[in-house]
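Visitor: Got chain C sorted already, so can you dock chain V with the ligand onto it with the hints?
Protein chains in written order, with the working numbering: chain C, 1 to 751; chain V, 1 to 275.
Be a bit skeptical, because a hint or two may be false.
[What the hints assert, rightly or not] Restraint ranges, calculated between C-beta atoms of paired labels, are given here:
no.	chain 1	residue 1	chain 2	residue 2	range
1	C	Glu-138	V	Arg-142	55 to 61 Å
2	C	Asp-60	V	Thr-13	52 to 58 Å
3	V	Asp-204	C	Ala-680	39 to 45 Å
The hints are simulated quantities; they were obtained by calculation from the structure and are not laboratory data. Ideal Cβ positions, reconstructed from N, Cα and C, are used throughout, including at glycine.
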Amino acid sequence: MSILGTRVVRTEDPVFLTRGATYTDDLTDERLTGALHLTLVRSPIAHATITSIDVDAAKDAPGVVAVFTGADCDLAPMLGFPAAHKAMLRPFLAVDRVRYVGEAVAAVLTEEAYQGEDAAELVDVDYEPLDVVVDMKEALKDEVLLFPEAGTNLVSGMHLNKEGRPEDFFADCEVVVSKEIVNQRVAAAPLETRAATAFWGEDGRCTLFLSTQNAQAARDEVAGWMGIEPSQLHVILPDVGGGFGAKIGADPEFALVGWLSKKVGRPVRWNESRSENMTGMVQGRGQVQTITIGGDRDGTVKAYSLEVVADAGAYPRLGVALPMFTRMMAPGTYDIPKVWSTASVVATNTTSTAAYRGAGRPEATQAIERAMDLFADAIDMDPAELRKRNVVRPEKFPFTTKGGAEYDTGEYAKAIDLALKAADYDGLRAEQKRRREAGDPLQLGIGVSSYVEITGGGAFVENATVQVHEDGTVTVLTGTSPHGQGHATAWAMLASEQLGIDVDKITVKHGDTDLIPKGAGTMGSRSLQTGGIAVHHAAIDLVELAKQRAADVLEANVEDLVVADGSVQVKGTGAAVSLAELAGREELKAFHEWDAKKPTFPFGAHVALVEVDVESGKATVERIWAVDDAGPILNPLIFDGQRHGGIAQGIAQAMLEEVMWDEEGQPLTGTFADYGIPSAAELPSFDLVTMETPTTINTLGYKGIGEAGTIGSCPAVHNAVIDAVSHLGVEHIDMPLTPMRVWAAISEAAK
Amino acid sequence: MIPVGFDYERPQTVDAAIALLAEHGDGATVLAGGHSLLPVMKLRLAAPEIVIDIGRLAELNYIRVDGDEVAIGAATRYRDLVISDVLAAECALLPAVARTVGDPQVRHRGTLGGAIAHADPAGDLPAAVLALDGTVVLRSPRGERKVPITEFYTGVFSSVKEPDELVVEIRVPRTGATGWAYEKFTRRSNDWAIVAVAVATMPDGATHLGLVNMGGTPLRASATEAALAEGKSIEEAAALAAEGTEPPTDSHGTPEYRNHLVTVLAKRALKTASA
Ligand SMILES: Cc1cc2nc3c(=O)[nH]c(=O)nc-3n(C[C@H](O)[C@H](O)[C@H](O)COP(=O)(O)OP(=O)(O)OC[C@H]3O[C@@H](n4cnc5c(N)ncnc54)[C@H](O)[C@@H]3O)c2cc1C
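Isolated chain C (complex conformation) (with noise of 0.2 Å):
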């Protein structure tokens, strides 16, 4: 029986459970030994220029070994973005200008961890404050300016849409529905804040220890802004507590410790805390949308337009990029005759923007999902039938959509179909009709989404290396980087699978720049079809020289051969080699590096039931139905936490969310008390479905499901609120869905 499709538990688990992981700051390595801590003293200002630092006072502090100031720091300032306006540059330690509250302006150098926050607060800084820029649209004038060196906060044209609208782009349209809509800021908020420590060694290399998402791009990246070689600098990932985006690649405060370490010759540790990482790690989403929709009322859209403003924060980083996915996936599951987009990025003095779960592909399902709820409420059309009788049929895939995808397999009908039946879509909508006529204060609101999202859209190509030991044991060497997803077990079901070796024999490494030199890490729900893919294919090139090398000690046709329970045997007979044997005779290990080529398609429907207190404007989300088709399911445990975890994410961007500052730029969400992280008490519990389309671009038909619940999740709740409310005359309520929004928003129906 194939291990595959099976809910093997997760082997990495004990050890977190129990004893915990070993992250960056937990590190005990003995070449750390006599490490300074490392203190940053951050701007509380959100755009000023310094007209002085004074770092007299810390330095004579207890502890204190060295105090560095961006004018002593002799890194080239970095451009966080290739395609970023090349004047948006960024100095590792603020110069002469701070452009948010938390830029890195001097840092401080202890013995010990607490004497750094001591001296850092006799860092004395003059700021002279200037005019701040917090709000997009704001920005886009263009009035303050963040670079005046670069004449303008556009951080990139290269989303700009040369050829404007056509001026009958909705000419044919019975009906237009258009609106603004925002996609708020929202952080990623890791338990493991960011990590980095460094020491050189007596051959002149730089260990780097990082909490990150992908250790060799972190290691060409730092190394590119520490001005050496990718070869000189061994990047060695711990324990990753958590990334969801925003610990793709290094952030600049990794370069900085291992310039400071060489600088002061001593190893040096940094772990920035829960307050720090509010505002100095990048954030997510963070767009200002308009939706236009027009179609015909029997139901058929024909044009849809999204118009886009892309918040990049104070300096550019990835963020920079994501509209990219956002244009793309503009029409979603709709076969639309006629889409446009386009989109500005602007630098606002904000933290800087990157990936989160889902990074740009969320914001095209939120515009999309809400302009097919709009335009179904301007025809009176049931929001489920709209859906459906626009989705791109199944005959037409390999389907290319007028955003440039293409769309591999799916079948979105269905999907929605098997949602609606799960949830008893009709009795739902006759349970809210009750409530409507007895105008009960509690009133029900049922949200529909259909999606399609973009896995492996990435890189293409990953690595792997399978080795079986003398002792019978394996090891797989990974390009992918697990950080809670669980690799460690399902790449050790895949080499198991063609080995007939058990996974707890089976010892999955990665993140170690040395032994690993090659890798693209995990991001963008791309592990398993590019790295688990190159696993499998690792381990059938394994088993193919096991036999060559079998076929000798057997003296045996290699076509008589078979593996299984971990050993080469000649079919029909009893004559058999272990792999752990010939693995004595001679090294036994296979490399494989796959390039998937293209990425995947993954998509589904949830519905999503809310309550919503019509009183106080309180919403509570009842119940979510999730069909999310990522192909075959490898292993189900981890598919469905992938899923719980994703649409935890996508209903807390819904209802909770929202990463804010006031006109002065002072962040108004820097702990957990403010910032609203969800916990079990604001979810329902999850029905989820199981649907499985294969894709056609690997051979075991595996997509993505890393973000795919968040994707779907989001417009299914942020649709069902506003369902609540809207026989009120509620048309739109922005994210996230505070009580006193929705309230808002009925009083605002009523007058």
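Guide: Just chain V with the ligand, lined up with the frame of chain C:
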């Protein structure tokens, strides 16, 4: 997230704690459950020179009937209020309110005296004790005094308590097992109240309402209480709950929203209390 350095003392008696407070004056801060004090110290918004830990003083940890009142030691934890048989029978509002504070960890550390002394207008217990017309017992080297809670609070995080005074006891009337309600409105289960309304039925039959987060101090909904005393309906009375309040503005609510919310919550609490 590391506090400024400080000295730490854990006196073995209340008298010793008071002596230490007197000795160190303004530089000293009392530590009870630490769940308000330690976060502000970690954020460096407070930097006491010496912390006097009263959290483990058995002398301050009790719940007992004393005449017409229930007397509760200042260092009694929320958790002990929640599970108290005495309170369940004699003043059931308090455990019901305590049950809504934070999460289990917070309730196992935070104390009633700490909550009262801290004077946070968003705190749950101050408004409940206010609804009950409770009394705060303070002790200092000058002796003991009893301050009605209606006269205790002077503003946000401030009260008539002198720096050298220790809250030693909270006294509430024996209002019994019924006639109460607590409507706490939050976004997440373990959040602070955006607004909350506590209703108590007093031994003389009067209905009192204590309001959380409707001004700089916990407040009573006096207009609602007066309307009820005049025999007005719950709906009519509850509609007056925002009168005389000055609710704050923050990301969870404008004053306008809080003024609305308090009437909804007052109506619901009054209905529950009278059911
Ligand atoms: C995550 C979290 C969630 C929370 N949620 C809520 C909530 O939902 N509702 C709510 O009401 N509270 C909440 N709190 C606060 C909690 O209730 C505190 O425990 C309480 O406000 C203070 O009690 P304490 O015993 O911890 O006091 P401490 O923090 O020890 O002290 C608070 C202040 O009171 C002073 N003090 C304490 N005891 C005395 C005394 N006997 N005499 C004189 N001065 C004294 C201290 O010097 C200090 O200034 C929360 C706290 C946390 C950390």
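Visitor: Are the hints correct? Go through all of them and say.
Guide: Verification of the hints:
1. The hinted range of 55 to 61 Å is satisfied by C/Glu-138 and V/Arg-142, whose Cβ atoms lie roughly 58 Å apart.
2. A hinted range of 52 to 58 Å is violated for the C-beta pair C/Asp-60 and V/Thr-13, which are about 42 Å apart.
3. With their beta carbons about 43 Å apart, V/Asp-204 and C/Ala-680 fall inside the hinted range of 39 to 45 Å.
Checked against the numbered hints given earlier, the structure breaks only hint 2 and satisfies all the rest.
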